[in-house]
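Let's have the full structure, built from the sequences with the hints guiding it.
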Amino acid sequence: SQKIEQNSEALNIQEGKTATLTCNYTNYSPAYLQWYRQDPGRGPVFLLLIRENEKEKRKERLKVTFDTTLKQSLFHITASQPADSATYLCALLYSGNTPLVFGKGTRLSVIA
Amino acid sequence: EAGVTQFPSHSVIEKGQTVTLRCDPISGHDNLYWYRRVMGKEIKFLLHFVKESKQDESGMPNNRFLAERTGGTYSTLKVQPAELEDSGVYFCASSLRQGPNEQFFGPGTRLTVL
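Protein sequence lines, in the order shown, are assigned to chains A and B. Using the numbering used here, the letters of the first sequence correspond one by one to residues 1 to 112. Using the numbering used here, the letters of the second sequence correspond one by one to residues 113 to 226.
Accuracy of the hints is not assured; some may be wrong.
Claimed, not checked - Calculated cross-link-like contacts (lysine-lysine; reagent style DSSO-like; alpha-carbon spacing at most 27 Å):
no., chain 1, residue 1, chain 2, residue 2
1, B, K156, A, K71
2, A, K104, A, K59
3, A, K104, A, K3
4, A, K104, B, K153
Worth flagging that the hints you see were computed from the coordinates, not collected in a lab. None of these values were measured; they are calculated from a predicted model.
This is the structure in structure tokens:
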């Protein structure tokens, strides 16, 4: 069955540095990949969507890449701030009408 | 605009009891989804409504779970009888369109079965 791995459970980074989070999957590639942010006690909040034929997507300080050869997506936050501290989830969609499949998430802590 | 709301925020029940969770999606969103996160695991899809119809219920764990969306507005998820392994956080999400579109999540209901 399909497996999604997010690089680590927790990642600590110094304020101002670039945070890089990894999402790896096995078997077949999804048509779409989404990244969500989740704060404690709240539901996930959508950040970015990238399609399988897109290599890169940007939104303000966020950048997502999608490499179907490596079966990997990277999520970058540049000039990280303590307010960026949260759990980040990747979620895959194998086609337009299949359910979202989530990874476990990576808890990012940005230290001032 | 109000977001997705869920009620209750927490529920603690005994094994064998019944619990009903409610989700109010964003007004005008035809698509409503239920998900569950069990401790230590990833968020998992349960089912998807389009208006009042079940589009996909492939994630429902067993027949102790019953979801309804009468009238195509709010939805309820009933667990009867509850088992220990049903404990977790139940999220509801809604979206305007199907497919790879942004889903708006509620804050979740934390269910504890003792």
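Hints versus structure:
no., hint, in the structure
1, K156(B) / K71(A), "holds (21 Å)"
2, K104(A) / K59(A), "holds (23 Å)"
3, K104(A) / K3(A), "holds (11 Å)"
4, K104(A) / K153(B), "holds (6 Å)"
Checked against the numbered hints given earlier, this structure breaks none of them.
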